[in-house]
Amino acid sequence: MALRDSDAQERRLAAYAPRVYGLLVRMVGNRDTAEDLTQETLLRAFRAFETYRPEGKFRAWIFRIARNAARDWLRRRPLEPALGLDADWPERALASPRRQSRPEDRLLHGERASKVEAALRRLPDPDREVLLLRYYGELAFNDIAKVTGEPLGTVLARAHRALKKMAELVPEEES
Amino acid sequence: MTRCPKPEMWVRYAAEELADRPRRALETHLESCDACRREVRDLARGLEAMESLEREPALRPEMLDTLERRLRVAAANRPTRPRVITLVARYGWVAAAAAVVAATLVLYWPAESPPIVLPGNHQAESLQEVAAAIELLRVADNGTTPLPPQNLFPAGRQNELDLLLELDDAGLLLDYLMSQDKLQG
Chain A
1 MALRDSDAQE RRLAAYAPRV YGLLVRMVGN RDTAEDLTQE TLLRAFRAFE
51 TYRPEGKFRA WIFRIARNAA RDWLRRRPLE PALGLDADWP ERALASPRRQ
101 SRPEDRLLHG ERASKVEAAL RRLPDPDREV LLLRYYGELA FNDIAKVTGE
151 PLGTVLARAH RALKKMAELV PEEES
Chain B
1 MTRCPKPEMW VRYAAEELAD RPRRALETHL ESCDACRREV RDLARGLEAM
51 ESLEREPALR PEMLDTLERR LRVAAANRPT RPRVITLVAR YGWVAAAAAV
101 VAATLVLYWP AESPPIVLPG NHQAESLQEV AAAIELLRVA DNGTTPLPPQ
151 NLFPAGRQNE LDLLLELDDA GLLLDYLMSQ DKLQG
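As they're listed, the protein sequences go chains A and B. In case it helps, the working numbering puts the first sequence at residues 1 to 175. In case it helps, the working numbering puts the second sequence at residues 1 to 185.
A portion of the hints provided could be inaccurate.
From the structure, some residues in chain B lie toward chain A, with a derived Cβ separation under 10 angstroms [stated by the list, open to error]:
#, residue
1, 10
2, 12
3, 39
4, 41
5, 45
6, 48
7, 50
8, 53
9, 54
10, 57
11, 63
12, 68
13, 70
14, 72
15, 78
Don't read these hints as lab results, they were simulated from the structure. Beta carbons are placed, not taken as given, at the ideal position from N, Cα and C, and that holds for glycine.
Model the full assembly from the supplied sequences, consistent with the hints where possible.
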């Protein structure tokens with residue numbers, strides 16, 4: 001029974017690895033660290049599974065651990081490149097593959113993804129964090145407020161600022 | 001045109017996080033407000049831009065292998081403990097919360113309150129009965145019993161008797177009735 005539980009927990013957590021990585025790589029700014037923190041996040045969650053209280057969304061719980069892991073890392077490493085300044089910032093390799101069947105589509109979409117990445121880098125850390133938690137965690141703003149420990153109004157104000165900035169910096173997609 | 005809602009409200013609208021009623025109210029406002037339509041369009045464009053990012057980026061196979069290995073090691077090192085302890089660890093807070101609620105109920109269970117005495121020595125045991133009594137009074141005296149003063153209630157709702165029930169404030173009701181000499185103390 002215990003083994004079956006562990007297996008199920010491992011599978012459940014491993015399924016979050018890509019999204020957690022997607023959040024972390026944009027929070028800490030480089031791939032190696034994001035990979036390490038992704039593993040650390042899922043291991044922490046695995047160890048804490050037995051005490052997990054099903055009082056909120058499981059996904060929000062995972063992303064709270066991930067976000068805190070990134071914050072801890074950033075605090076411990078003040079001399080590391082600031083968010084978004086790392087040359088290893090992921091760009092085309094992480095672009096969505098949708099509509100990339102034709103080479104010209106791939107090129108266009110890659111360019112757009114690069115612009116989105118560049119725009120994200122220009123956001124203040126807390127504003128970017130809200131967008132990332134919403135996108136990768138698919139969390140409602142209420143849940144994001146719980147994850148970050150901020151009032152809902154603050155989270156919405158950050159989202160508002162960040163979305164307006166993204167709209168300003170990323171050209172409209174041609175249909 | 002109604003007053004423009006706060007920008008934060010449009011964030012929830014653009015993200016489709018609003019319930020039907022507020023969403024419809026905002027849509028009504030949008031029909032007559034160019035500025036808010038522009039606001040929503042910008043926010044939607046911001047959200048749409050994020051969609052260019054791969055939501056589930058491919059991870060290096062080596063990284064996934066390492067993760068799997070580390071999870072297996074963590075599973076092997078997990079202390080085994082009886083199922084009941086696991087359940088207590090996981091759900092003990094439910095029992096604790098239930099105990100707190102039970103203790104609170106015992107401590108604060110309302111003592112039997114004196115009945116509300118209405119004109120003619122009728123007794124009312126609930127707020128609904130008080131409200132019904134007011135309505136009866138108004139019928140009996142051809143509507144000369146005034147309704148509660150307007151400034152007690154939100155604009156536009158002053159004459160709705162059911163608001164008294166919504167407010168669920170027996171004290172306010174009783175104060176009002178006493179002030180109108182309609183209720184015996």
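So, going through the hints one by one against the coordinates:
1. Interface restraint check: residue 10(B) against chain A, minimum CB-CB distance 7 angstroms, threshold 10 angstroms, status holds.
2. Annotation: residue 12(B) was flagged as interfacial toward chain A, and the flag holds, the nearest CB pair being 7 angstroms apart, inside 10 angstroms.
3. The closest approach between the C-beta of residue 39(B) and any C-beta of chain A is roughly 8 angstroms, which is under the 10 angstroms cut-off, so the hint is satisfied.
4. With its C-beta approaching chain A no nearer than about 8 angstroms, residue 41(B) sits inside the 10 angstroms limit, and its interface hint holds.
5. For the restraint placing residue 45(B) at the interface with chain A, the shortest Cβ-Cβ distance is roughly 4 angstroms, inside the 10 angstroms limit, so the hint holds.
6. Annotation: interface hint on residue 48(B) holds; nearest CB of chain A at approximately 7 angstroms, less than 10 angstroms.
7. Taken as an interface hint, residue 50(B) checks out: its beta carbon lies about 5 angstroms from the nearest beta carbon of chain A, inside 10 angstroms.
8. The interface hint given for residue 53(B) holds, since its Cβ lies 6 angstroms from the closest Cβ of chain A, which is under the 10 angstroms cut-off.
9. A least Cβ separation of about 5 angstroms between residue 54(B) and chain A falls short of the 10 angstroms threshold, and the interface hint therefore holds.
10. A least Cβ separation of about 5 angstroms between residue 57(B) and chain A falls short of the 10 angstroms threshold, and the interface hint therefore holds.
11. Evaluation of the residue 63(B) hint against chain A yields a held restraint, the C-beta minimum of about 5 angstroms falling below 10 angstroms.
12. With a least beta-carbon distance of about 7 angstroms to chain A, the hint placing residue 68(B) at the interface is held under the 10 angstroms criterion.
13. Using the Cβ-Cβ criterion of 10 angstroms, the hint placing residue 70(B) at the interface with chain A is satisfied: the shortest such distance is roughly 6 angstroms.
14. Taking 10 angstroms as the C-beta contact cut-off toward chain A, the hint placing residue 72(B) at the interface holds, the least distance being around 7 angstroms.
15. For the restraint placing residue 78(B) at the interface with chain A, the shortest Cβ-Cβ distance is roughly 7 angstroms, inside the 10 angstroms limit, so the hint holds.
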